[in-house]
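Those protein sequence lines, which keep their order, are chains S and R.
Residue numbers for the first sequence follow the working numbering, beginning at 1109 and rising by one.
Residue numbers for the second sequence follow the working numbering, beginning at 2 and rising by one.
The set of hints was computed from the structure by calculation and includes no laboratory data.
We put the beta carbon where it would ideally sit given N, CA and C, even for glycine.
Rough simulated footprint, nothing fancy, chain R against chain S, three-plus residues with beta-carbon under 8 Å:
hint: 1; segment: 1111-1122
hint: 2; segment: 1132-1140
hint: 3; segment: 1145-1156
hint: 4; segment: 1241-1252
In silico BS3-like cross-links for lysine-lysine, where the CA-CA straight-line distance does not exceed 30 Å:
hint: 5; chain 1: S; residue 1: Lys1156; chain 2: R; residue 2: Lys638
hint: 6; chain 1: S; residue 1: Lys1156; chain 2: R; residue 2: Lys724
hint: 7; chain 1: R; residue 1: Lys546; chain 2: R; residue 2: Lys528
hint: 8; chain 1: S; residue 1: Lys1202; chain 2: R; residue 2: Lys629
hint: 9; chain 1: R; residue 1: Lys202; chain 2: S; residue 2: Lys1156
hint: 10; chain 1: S; residue 1: Lys1236; chain 2: R; residue 2: Lys546
hint: 11; chain 1: S; residue 1: Lys1288; chain 2: R; residue 2: Lys202
hint: 12; chain 1: R; residue 1: Lys442; chain 2: R; residue 2: Lys116
hint: 13; chain 1: R; residue 1: Lys232; chain 2: S; residue 2: Lys1287
hint: 14; chain 1: R; residue 1: Lys304; chain 2: S; residue 2: Lys1156
hint: 15; chain 1: S; residue 1: Lys1156; chain 2: R; residue 2: Lys667
hint: 16; chain 1: R; residue 1: Lys534; chain 2: R; residue 2: Lys369
hint: 17; chain 1: R; residue 1: Lys495; chain 2: S; residue 2: Lys1236
hint: 18; chain 1: R; residue 1: Lys641; chain 2: S; residue 2: Lys1156
hint: 19; chain 1: R; residue 1: Lys582; chain 2: R; residue 2: Lys277
hint: 20; chain 1: R; residue 1: Lys443; chain 2: R; residue 2: Lys135
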Amino acid sequence: MPKYAMVIDQRRCVACMACVVACKRENDVPQEFFRTRVVETVEGSFPKLRMELRSELCNHCDNPPCVYNCPTGASHKRKDGTVQVNRTKCVGCKACVAACPYDARYMHPDKGYADKCTFCAHRLLEGKEPACVATCIGKSRIFGDLDDPASDVSRLLRVQDASVLLVEAGTHPRVYYIKKLSKAE
Amino acid sequence: MALTRRHFLKTMGVATGVGLAGDHLFSPAFADGKGPDQAAMTIPTYCEICFWKCGAMARVVDGHVVKLEGNPLHPNSRGKLCARGNAGMGLLYDPDRLKSPMISTGARGEGKFKKASWDEAFNYTAEKMLKIKKTYGPEAMALFAHGCAGSICQHMISAYGSPNIVMPSFAQCRGPRDVGYEVTFGMGPSSPERVDLVNSKVVVLFGSHLGENMHNSQVQDFAESVARGAKYIVVDPRFSIAAGKAEHWLPVRPGSDTALILAWINLIIQNGWHDKAYLDRYATGLPELTASVKQYTPEWAEKETDIPAATIVETARLMGLYKPAVCIHPGRHASWYGNDVQRARAMAILTAVLGSWGREGGLFLPTKASLPKIEGKPYPAMRDSVSQMSKYPFAGAEGLTNEVRQATITGKPYPIKGWIVTGTNLMKTLPNQKETLEAIKKLDLLVAVDVMPFDTVMLADVILPECSYLERFDDLAVGRGRSLGVSIRKAAVKPLYDTKDGYSIASGLAQRLGVGEYFPVPTLEEKIQQTCKHWNLSYDELSTKGFIGIPNTASPYITPENQPHFETPSGKIELVSSELKRKGFDPVPRYAPQPQPPAGMFRLLYGRSPVHTFSRTTNNPWLYELHKENEVWLNAKKAKEMNVKHGQYVVLVNQDGAKSNRVKAKVTNRIREDAVYIVHGFGTTSKELHKAYLKGADDQGLITQYAIDPICGSTGMRTNFVKIEKEA
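Let the hints inform the model, and build the full structure from the sequences given.
Rendered as structure tokens:
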């Protein structure tokens, strides 16, 4: 059983939004809702400025508050490490939306269930990468199997310093961030 | 397939009852109960949401395009599409599209149209064109061209006998850059630019906001080079995305770039950081260049540019250290201040002294290979074009839009009475909209060929609606970058509406203009098949793969066997331009300062958003959602002084009293105090674009002043000053 993870190499992100549109078209995400986004922050004052571009999505946590707070078992952790929502079991109570510290979920406006990034599970079944990864212009999003030592994600996490978002939340995310180069590629 | 399918059915006026069976665990993207791949087809195309022509694959289920993905074989996309390319179906299924030919029933610009059949629309157009030809001569019809329909309409208008084909891509965009490089190296930097970013150790950008201008493969290379540790020197009044990746951000005073470049050239030569052996072998004019730039010291340049002299020296040293693997990016939109050929010249000279033309990490050489020419019936003899008769000796083959506009107003050197406008929104493209409207008023005929009811389309007498690129074939696209390759665009789906491809439009007009023999092949698909035969390519292979690369056609770097050829009068790189000298211009660039904004005003700068192509995508539902209206970037300190809050709506008023729509203030440290910045293309006045109508500010509405480059006739458009008024 694979152990899926995503690494986001922030140096390579150019905030072009290709991932956002590819995700929306692939997964038919309704207008004005998003499963992923790119957050742009700038610190400092003119002309000494520092910019951070950060793609955000469901972290597919190993210690997932959305799953613990789901009263029906709709939100669940799968053996491949992904967190998924069973739409038929979802009663639309929004507990998961409130529990997620990453603001990664939304309630589907027409259908009433909670929705979020699936790591494009339907594409994984076909042997394809998630849509955001496949279209990522800067190759900033890297996807793979942590159990495979030869995968790009395993290799990167061995070599580079990576961090996770809100480590203090204790959620053990499966989405890792490389902020700056610690070792030349 | 949920939304797309439903949306489509709604558009077609069919009652919907599509049940969704997508509730199993991993509902595929477009689950309609049939499974993802049942009856799915993959059709190759190349994208037309911008001009980069990225190879793409359209996934089609039950006659609907459900997804677009990059073609992995294609050099401009390499399997990836940008946000706009991913949103291509947004154009196809935009309910605001032009759906049938239209003929104006009111005064020009009133927006009153009646639906017409193609026969009516063609006859109406041809009758007026023949009348113009008879009364004034065929040169009185001008074609403003962009995009694929533009190319085929060029063939039609040439057959008709007019030399007046003009493209804003020259005088409002790349023209001065291309001319500057042509007089130096005998060749422009091409499109896509031949920048070898992935191998660069140092990259210098002048206002080029890579990442914000989403030129797919080039931005892929940009990210790759950043990851490989290339040092970026970004010269930009604004802290762009690229500046955020840079080792050195130089927030230059707008309009003073040439001062910085000349100081760099001087420093590099004075310190012996130039590539002497390369210049000895390939260039002429080093002693004269050395003498001319001697006056441009870093201390002098600091006063002009606001960049500290020490930084100027440090960055020059960096270039010298890593030459020739230094990429001086030639930029793209270069019509800034009206002295732009000379700025491009300075950039070209900097490239030359670093020895980076034809070198790894600099600018690579184009393929020498080409495909056999296809001879057609020769065009009739023509008068000289308005551009050729202008006072600008280096007006290029793409012509001068602004000169044709001027000729339309004045009737000189001869009358221009009809315009065909294809794929370009002139109201948003040409500076000083008053002149554009004045010229349009004088026309006997204005024909628009486009997909969407853009501002300019709504001014037309007759609208000939083109299919979207996903519904049509287009001519094969030949890429002549690093190597030679051919791309095909096949119709992914049948036209949704009563629209035609560009070839059928041009051919339909040609038949009625009495020049039908120039279109001997009935359909574009047949023409493409004939071309494939001529080029010895398999049409079937091309139809499956979408792209065929011709092997062994790359020779990117100078080697003993691969010597460069410079098509200049001397056959060498001309550091001192003999052509410019002969025609009475400075043979080595000289610096002349630009006027600065008066107190209380800011220089108006404009640029791109990665999710929009000028005004063309502002109504695309999937892109509109991400960027509905532009914002005006305002320096935080200035905003505080003026008590303007972030997110507050303001109005921009220029030196001539031209006012913008209301626009949100983006209060930021990311821009100098003397300039404001807005993304180009917003503020459409076409009511038929229901989403984009009057959203955001139109930069072109504020560009009432423009400075014409005396060398090539392009229009510098960063010459306007605005003040910020609070919304009444």
